[in-house]
Amino acid sequence: MKMVIVNGRHESDFIIKKFKKDKHHLIVINKDKDFAEYTSNNNQIPVLCEDASKAYTLSDAGVEDADVLIALSGDDIENYVTCITAKKIFNVKRVVSLVQNPKRVDLFKQLGIDSVICSTYLLGESIKNESIIETFTKKLSLENDKIMVAEALIGDDYNIANKQIKDITFPPAVNISCIYREPEVIIPNGSSTIKPGDKLIIVSSPENQETIINFINKKVDENE
Amino acid sequence: MKNKNKILVVGSGRLGASIAADLSAKGKDVIIIDKNGESFRKLDDEFGGYDLIGDATDLTVLENEALIKEVNEVIVTTDSDNVNLFISHICFFVYDVPEVYVRLNDVDKGKLIENTTIRAIYPFNLSFEDYLETRKERD
Numbered sequence: 001m002k003m004v005i006v007n008g009r010h011e012s013d014f015i016i017k018k019f020k021k022d023k024h025h026l027i028v029i030n031k032d033k034d035f036a037e038y039t040s041n042n043n044q045i046p047v048l049c050e051d052a053s054k055a056y057t058l059s060d061a062g063v064e065d066a067d068v069l070i071a072l073s074g075d076d077i078e079n080y081v082t083c084i085t086a087k088k089i090f091n092v093k094r095v096v097s098l099v100q101n102p103k104r105v106d107l108f109k110q111l112g113i114d115s116v117i118c119s120t121y122l123l124g125e126s127i128k129n130e131s132i133i134e135t136f137t138k139k140l141s142l143e144n145d146k147i148m149v150a151e152a153l154i155g156d157d158y159n160i161a162n163k164q165i166k167d168i169t170f171p172p173a174v175n176i177s178c179i180y181r182e183p184e185v186i187i188p189n190g191s192s193t194i195k196p197g198d199k200l201i202i203v204s205s206p207e208n209q210e211t212i213i214n215f216i217n218k219k220v221d222e223n224e
Numbered sequence: 001m002k003n004k005n006k007i008l009v010v011g012s013g014r015l016g017a018s019i020a021a022d023l024s025a026k027g028k029d030v031i032i033i034d035k036n037g038e039s040f041r042k043l044d045d046e047f048g049g050y051d052l053i054g055d056a057t058d059l060t061v062l063e064n065e066a067l068i069k070e071v072n073e074v075i076v077t078t079d080s081d082n083v084n085l086f087i088s089h090i091c092f093f094v095y096d097v098p099e100v101y102v103r104l105n106d107v108d109k110g111k112l113i114e115n116t117t118i119r120a121i122y123p124f125n126l127s128f129e130d131y132l133e134t135r136k137e138r139d
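Protein sequences appear in the order of chains A and B.
All residue numbers for the first sequence refer to the numbering used here, where the first residue is 1 and numbers rise by one.
All residue numbers for the second sequence refer to the numbering used here, where the first residue is 1 and numbers rise by one.
Hints listed in this document are in silico derivations from the structure and should not be mistaken for laboratory results.
Hints may be right or wrong, so weigh each one.
[To be verified] Some chain B residues judged to face chain A by a derived CB distance under 7 Å, without partners named: (1) Asn82; (2) Val83; (3) Leu85; (4) Phe86; (5) His89; (6) Phe93; (7) Asp108; (8) Lys111; (9) Leu112.
[Stated by the list, open to error] Keeping only pairs whose Cα atoms sit at most 30 Å apart, straight-line, the calculated DSSO-like set for lysine-lysine is: (10) B:Lys111 / A:Lys2; (11) B:Lys35 / A:Lys31; (12) B:Lys35 / A:Lys54; (13) A:Lys103 / B:Lys111; (14) A:Lys33 / A:Lys18; (15) A:Lys23 / A:Lys54; (16) A:Lys17 / A:Lys88; (17) B:Lys111 / A:Lys31.
This structure is a prediction, so every number in the text was calculated from the model and none was measured.
Even glycine gets a Cβ: it sits at the ideal position worked out from N, Cα and C.
For reference, chain A alone in the conformation it holds in the complex:
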């Protein structure tokens, strides 16, 4: 895999170490002269010391057709321009940007950055996910939040417990992909029965996830 790592300090060093072992083709650009020298010596790798938000730098570095570029500078807008230049002019397949300002996560995605990483935003999301732990153990999102995967633990008093899947009227756009019943994994069909203690793995779109969570968590004595 051809991978371009731009700016950053410890993050950059960490990623270089991690991927160098696996013999990926790494291109490293860092405009901080001292750090460029340090990381170059430390990892025995050439480091181009230039401003990567300029097209000629990316051209000199030979990033054309790279599989991924990761922009790690502390300046959000510089990361944006580096990523967009790599994608539009140099045909880099996937661009990843670090941002400091959590309000920019959705904006950057809207403007064409494939993946946007913000530690404050991640912290917020993980707190949000932790807070629904009581009913739902885990949530996971794939493809930039387009697919949601959730894991639900079925309680004794759940409305859908001890029923066959075909007898349950699920909300639309839900897929029970698998049932984990210690120690086996069941790929369910209509005649499978959901039992208390089962863990359901549910795949849905993000818009429907709330509805599904509410539906599954419904207790026996609650009205439809």
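Got chain A sorted already, so can you dock chain B onto it with the hints?
Just chain B now, kept in the frame of chain A:
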């Protein structure tokens, strides 16, 4: 639906301030925004528009203070090409502003506004053309 009749100038340097003053003198409804209040000293005393201290890369500021949804034309003239490009992309892709002008010192950045209606002003090209023109006159 509100009418889009305002013009927003981003950056109150010499270029931004001159454009804002010119448009204001022509009776346009002009808002000029700059991060630094001192910059408005460059504005003509006659300037009749609205000067706003704020960061135009912040969507909240753009929407609530610079009234971007009522803006028909944006001229982006800060001293950073990266900031200018980013703001012009936000105006075009997020807020569908019909007329967007952006000053870019780096001609290479022009490729990043291809397939949009954003129009670039390149000081490099203008100086170079001016030089060629002047030399032609001399010969």
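Consistency of the hints with the structure:
Residue-level restraint check for Asn82 of chain B holds (minimum Cβ-Cβ distance to chain A is 4 Å; threshold 7 Å). This hint holds: Val83 of chain B has a C-beta 6 Å from the nearest C-beta of chain A, less than the 7 Å allowed. Hint on Leu85 of chain B holds. Least Cβ distance to chain A is approximately 6 Å, under the 7 Å limit. Of the supplied interface hints, the one on Phe86 of chain B holds, with its beta-carbon coming within about 5 Å of a beta-carbon of chain A, less than 7 Å.
Because the smallest distance between the Cβ of His89 of chain B and any Cβ of chain A comes to about 6 Å, under 7 Å, the interface hint for this residue holds. Nearest Cβ of chain A to the Cβ of Phe93 of chain B: about 6 Å, under the 7 Å cut. The hint holds. Evaluation of the Asp108 of chain B hint against chain A yields a held restraint, the C-beta minimum of about 4 Å falling below 7 Å. Given hint, Lys111 of chain B at the interface with chain A, holds; its Cβ is 5 Å from that chain's nearest Cβ, closer than 7 Å.
Checking Leu112 of chain B against chain A by beta carbon gives a least distance of about 6 Å; that is within 7 Å, so the hint holds. Note on Lys111 of chain B and Lys2 of chain A: the hinted pairing holds, with a Cα-Cα distance of about 24 Å set against a maximum of 30 Å. Between Lys35 of chain B and Lys31 of chain A, the direct Cα distance comes to roughly 26 Å. Compliance with the 30 Å bound is thereby established for this hinted pair. With a C-alpha separation of about 24 Å, the suggested pairing of Lys35 of chain B with Lys54 of chain A holds against the 30 Å cut-off.
For the proposed pair Lys103 of chain A and Lys111 of chain B, the alpha carbon gap of about 27 Å is at most 30 Å, so the pair holds. Our distance criterion of 30 Å between C-alpha atoms is met by Lys33 of chain A and Lys18 of chain A, whose separation comes to about 22 Å. Between Lys23 of chain A and Lys54 of chain A, the direct Cα distance comes to roughly 28 Å. Compliance with the 30 Å bound is thereby established for this hinted pair. For the suggested pair Lys17 of chain A and Lys88 of chain A, the alpha carbons sit about 28 Å apart, so the restraint of at most 30 Å is met.
Of the pairs offered as hints, the one joining Lys111 of chain B and Lys31 of chain A holds, with about 23 Å between alpha carbons and a cut-off of 30 Å not exceeded.
When the structure is compared with the earlier hints, no violation turns up for any of them.
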